[in-house]
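With the sequences and hints as input, model every part of the structure.
One-letter residues, chain by chain:
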Amino acid sequence: GESVGLHLPTLSVQEGDNSIINCAYSNSASDYFIWYKQESGKGPQFIIDIRSNMDKRQGQRVTVLLNKTVKHLSLQIAATQPGDSAVYFCAENTGGFKTIFGAGTRLFVKA
Amino acid sequence: NAGVTQTPKFQVLKTGQSMTLQCAQDMNHEYMSWYRQDPGMGLRLIHYSVGAGITDQGEVPNGYNVSRSTTEDFPLRLLSAAPSQTSVYFCASSLARVDATGELFFGEGSRLTVL
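From first to last, the protein sequence lines are chains A and B. All the letters of the first sequence, read from the start, carry residue numbers 1 to 111 under our numbering. All the letters of the second sequence, read from the start, carry residue numbers 1 to 115 under our numbering.
These aren't lab readings, by the way, just hints derived from the structure by calculation. One or more hints might be untrue.
[What the hints assert, rightly or not] When the alpha-carbon atoms are kept at most 25 Å apart in a straight line, the in silico DMTMM-like pairs for lysine to aspartate or glutamate are as follows:
1. K14(B) with E30(B)
2. K71(A) with E30(B)
3. K42(A) with E103(B)
4. K9(B) with E30(B)
[Stated by the list, open to error] Sample of chain A residues with no beta-carbon within 10 Å of chain B, all distances over it, derived:
5. V13
6. N18
7. N27
8. Q45
9. M54
10. G59
11. R61
12. K71
13. A79
14. P82
15. K110
All C-beta atoms in this analysis are idealised placements derived from N, C-alpha and C, irrespective of residue type, glycine included.
In structure tokens, the structure reads:
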């Protein structure tokens, strides 16, 4: 059936602050997780990934944390900039390269 | 490289009409997939393919058909369009190797309205 919920969760942060976006995933057998950024009118773009044998991975200004015990992912963005304003999705690979997306969080960066 | 190319970008259909959304990639990716995204919501997997001749159902396959006759192309067919299929459709591809990242490369989307 159709999903309910017409409004994405929203996070509003001040420019220069750190942002933390959270995600709960559903399948305990998932072994690979990815964060995507989607700007208005565009397709999602890869930010960072992590495999299930890790609990932390860092990129440029971004860090992903994985807690398999509670099936939780977080994306931390350091020194958030106006260009970071977008919708952020976590995605899980459930095996065989099939990728399922979470609901998304809209990030607003206030100048 | 063009990456993932979707056509058409916009389409309006009447209820009951059929149509095909085209998707092509030039990155020699084995894995291709179709998602739909409704306003203010996430992406839901419709169908996917791990190689030519192989397709499988995703989360919301009803009302859609796919085929994968070549590595490059993965068309999505709407058999008899319904207003509930009004959405933005994204095609995505990736390398299907365990030693590669599973990063999906997305097309720019096809906005479909069914009246």
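Hint check:
Of the pairs offered as hints, the one joining K14(B) and E30(B) is violated, with about 34 Å between alpha carbons and a cut-off of 25 Å exceeded. Only pairs whose Cα atoms come within 25 Å are accepted, and K71(A) paired with E30(B) is rejected, the gap being roughly 29 Å. Taking the CA atoms of K42(A) and E103(B), the gap is about 16 Å. The hint holds against a cut of 25 Å. For the given pair, K9(B) sits about 24 Å from E30(B) by alpha-carbon distance, which is consistent with the 25 Å threshold.
Separation of V13(A) from chain B is adequate, the least Cβ-Cβ distance of about 20 Å exceeding the 10 Å criterion. Once the 10 Å rule is applied to beta carbons, N18(A) is consistent with being away from chain B; the minimum gap is 24 Å. Non-interface status of N27(A) relative to chain B is upheld: no Cβ of that chain comes within 10 Å, the nearest being about 12 Å off. Consistency note on Q45(A): stated as away from chain B, yet its beta-carbon is not over 10 Å from all of that chain's, at 7 Å minimum.
No beta-carbon of chain B comes within 10 Å of the beta-carbon of M54(A); the shortest separation is about 13 Å. Interface exclusion of G59(A) from chain B stands, the closest Cβ pair being 12 Å apart, more than 10 Å. With 10 Å as the threshold on Cβ separation, the claim that R61(A) sits away from chain B holds: the shortest Cβ distance comes to roughly 18 Å. The claim that K71(A) is not at the interface with chain B holds, since no C-beta of that chain comes within 10 Å of its own (minimum 17 Å).
Every C-beta of chain B lies more than 10 Å from that of A79(A), the closest at about 24 Å, which supports listing it as non-interface. In this structure P82(A) is separated from chain B by more than 10 Å, as the shortest Cβ-Cβ distance comes to about 22 Å. Remark: the non-interface label on K110(A) is consistent with the geometry, its nearest Cβ contact in chain B lying 21 Å away (cut-off 10 Å).
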